[in-house]
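**Q** First residue of the sequence shown? That's 1 in our numbering, and the numbers climb one at a time after it.
Since the hints were derived computationally from the structure, they do not count as laboratory data.
In this text the structure is predicted, and so the values were computed from the model without any measurement.
Think of the CB as a built atom: it goes at the ideal place given N, C-alpha and C, for glycine as much as any other residue.
Be careful, since some hints might not be right.
[Claimed, not checked] Here are the simulated lysine to any residue pairs, SDA-like style, with alpha carbons at most 25 Å apart:
no.	residue 1	residue 2
1	Lys39	Val151
2	Lys163	Phe79
3	Lys10	Ile138
4	Lys43	Asp167
[To be verified] Taking CB as the label site, the calculated pair distances span:
no.	residue 1	residue 2	range
5	Phe226	Glu146	41 to 49 Å
6	Glu40	Asp152	21 to 29 Å
7	Ala217	Arg32	41 to 49 Å
8	Ala21	Phe226	38 to 46 Å
9	Ala21	Pro145	22 to 30 Å
10	Asp149	Ala193	19 to 27 Å
11	Ala21	Asp107	16 to 24 Å
12	Asp179	Ala21	22 to 30 Å
13	Asp159	Glu33	27 to 35 Å
14	Asp149	Trp37	30 to 38 Å
15	Ser125	Asn202	35 to 43 Å
16	Gly60	Tyr197	32 to 40 Å
17	Arg77	Asp107	31 to 39 Å
18	Gln116	Asp218	24 to 32 Å
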Amino acid sequence: MRDNFAEILKPYSADFPHLTAAFSAAAAIAPRERLAWAKEQRKSILRDGWFINTPVGSRGDGETVEDHVQHLMQLIRRFFPAALQTQAEVYAEYHDDHEVLAHAVIDGIRRDLNPQFNRCAYRISVDDKKAIEAQARIILFEGFPELKDTVDAYPNASDPASKLFSDLDKICVMWKCADFVESGRYEYSDFHAYWEYWTPENVRKKCSPFISEIYEADLWSRVQKFQL
1 MRDNFAEILK PYSADFPHLT AAFSAAAAIA PRERLAWAKE QRKSILRDGW FINTPVGSRG
61 DGETVEDHVQ HLMQLIRRFF PAALQTQAEV YAEYHDDHEV LAHAVIDGIR RDLNPQFNRC
121 AYRISVDDKK AIEAQARIIL FEGFPELKDT VDAYPNASDP ASKLFSDLDK ICVMWKCADF
181 VESGRYEYSD FHAYWEYWTP ENVRKKCSPF ISEIYEADLW SRVQKFQL
């Protein structure tokens, strides 16, 4: 395992010297203990969409991977049919655990390794990101191979829970935007790009009818009040 990830990470060592050390530290943990370790680690990794694209990160309110997981859990329990909740919660719990290893350290902050959000700072491609994350899952899920298969299959699995969760994961950020505006700490205009992109019309194009209906009835009705 060590030789495998060392070889895969070698091309990125100049830009991301922390990666090999992070992977080595995880590999030294007993396989059955790594997911518990990951759950603790993800409390300190910021999601880059928040850090780069809005004032949220600069004000100290950036969303961590753990925040993201818990937010998804809340939405699943609130909106999903009971028969799909358990499987959807499995996806929510583990779908981003690879970020505890496949992360970038920029300006001293651990962040989601996503070049789509910050092309200036990241000199990797989306395919590079996928390769690093795949190796991270091999290490983290070594003690739980069946769970790894489940996580690897998402979001292309055929089960209904996978489809609904995949759609929810795309747009859950919008509930966070609304929460921030309602808190009084942020203005409607702070999230202009989000409102402009995730209109009900675009959600209907990109998500299932079930998720689209929830979005329009619950979230967009709040957004319309901000516009008054």
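**Q** Indicate, hint by hint, whether the structure satisfies it.
**A** So, going through the hints one by one against the coordinates:
no., hint, result
1, Lys39 x Val151, "holds (15 Å)"
2, Lys163 x Phe79, "holds (14 Å)"
3, Lys10 x Ile138, "holds (17 Å)"
4, Lys43 x Asp167, "holds (24 Å)"
5, Phe226 x Glu146: 41 to 49 Å, "holds (45 Å)"
6, Glu40 x Asp152: 21 to 29 Å, "holds (23 Å)"
7, Ala217 x Arg32: 41 to 49 Å, "holds (43 Å)"
8, Ala21 x Phe226: 38 to 46 Å, "holds (44 Å)"
9, Ala21 x Pro145: 22 to 30 Å, "holds (26 Å)"
10, Asp149 x Ala193: 19 to 27 Å, "violated (36 Å)"
11, Ala21 x Asp107: 16 to 24 Å, "holds (18 Å)"
12, Asp179 x Ala21: 22 to 30 Å, "violated (36 Å)"
13, Asp159 x Glu33: 27 to 35 Å, "holds (29 Å)"
14, Asp149 x Trp37: 30 to 38 Å, "violated (21 Å)"
15, Ser125 x Asn202: 35 to 43 Å, "violated (26 Å)"
16, Gly60 x Tyr197: 32 to 40 Å, "violated (25 Å)"
17, Arg77 x Asp107: 31 to 39 Å, "holds (36 Å)"
18, Gln116 x Asp218: 24 to 32 Å, "holds (27 Å)"
In this structure, the hints that do not hold are numbers 10, 12, 14, 15, 16, in rising order.
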